[in-house]
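Engineer: In case you want the letters, here they are:
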Amino acid sequence: NAGVTQTPKFQVLKTGQSMTLQCAQDMNHNSMYWYRQDPGMGLRLIYYSASEGTTDKGEVPNGYNVSRLNKREFSLRLESAAPSQTSVYFCASSEFRTERTFFGQGTRLTVV
Amino acid sequence: AQTVTQSQPEMSVQEAETVTLSCTYDTSESDYYLFWYKQPPSRQMILVIRQEAYKQQNATENRFSVNFQKAAKSFSLKISDSQLGDAAMYFCAYGASYGGSQGNLIFGKGTKLSVKP
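Top to bottom, those sequences are chains A and B. Just so we're aligned: the first sequence equals residues 1 to 112 in the working numbering. Just so we're aligned: the second sequence equals residues 1 to 117 in the working numbering.
Calculated from the structure, these hints are not laboratory results. Don't be surprised by glycine CBs; every beta carbon is placed ideally from N, CA and C. Please note that the accuracy of each hint is not assured.
As the list claims (entries may be wrong) - Result set (EDC-like, lysine to aspartate or glutamate): computed pairs, CA atoms no more than 16 Å apart in a straight line:
1) B/K70 / B/E29
2) B/K112 / B/E10
3) B/K109 / A/E59
4) B/K112 / A/D38
5) B/K109 / A/D26
6) B/K116 / B/D86
Said to hold, decoys possible - Which chain B residues face chain A? A few, computed with CB under 10 Å, are given here:
7) V13
8) A16
9) R43
Next comes chain A alone, as it looks inside the complex (with noise of 0.2 Å):
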């Protein structure tokens, strides 16, 4: 079973570059989300989708979007990079409820 797949796995944007990065699951989960995790900071949330077609603001959302294009897939897309979005993103999907969330391999992003 794969679960959640994401990539790029790594990946080095200059400063004002745009990305998107793809996340896929397979368990047929109704909830996704996107996690930033920095140094010290823990995993924080960016944005997350309740259901197919609905998206949501989370914890620290600036200078991202998203996009849920079916139920499987949910992207994040930085328009104009920053170096203060170096991070690792995590994508995760869950059944309504928290009790069995699911976490993609995480994507190391430097922007220099």
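We have chain A already, so just place chain B on it with the hints.
Structural biologist: Just chain B, lined up with the frame of chain A:
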């Protein structure tokens, strides 16, 4: 808003010994979930153990057990017979359980556990 606090940025334990990682949280809800996740250098987030707040019995998974004190809002993780493979970052997390919640987890800042041979 719910918060999760891990007061120990780093901990160290001797192989085969026992170590306890601390976590406190704040919530006004009566029903929720609490989790401990392990993150090795591979970055993968691995669920170690889960506790449902309405269950008084402490959860146990092999060498891992929790001490859940609901009134004190405390949720510590005990690792017995520590192994070298236990070395990792450990995150405590809170999750709402009621319908209508946004469903995300709220994480503490983590505790880095080192295991000495």
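Engineer: Would you mind marking each hint as holding or not holding in the structure?
Structural biologist: Each hint, compared with the structure:
1. B/K70 / B/E29: Holds, at about 11 Å.
2. B/K112 / B/E10: holds (5 Å)
3. B/K109 / A/E59: holds (15 Å)
4. B/K112 / A/D38: holds (14 Å)
5. B/K109 / A/D26: violated (29 Å)
6. B/K116 / B/D86: Measuring from Cα to Cα gives roughly 11 Å; hence the hint holds.
7. V13: violated (21 Å)
8. A16: Violated - the Cβ of B/A16 stays beyond 10 Å from chain A, reaching only about 29 Å at its closest.
9. R43: With a closest approach of 4 Å, the B/R43 hint holds.
Violated hints, listed in ascending order, are 5, 7, 8; each of the other numbered hints is respected by the structure.
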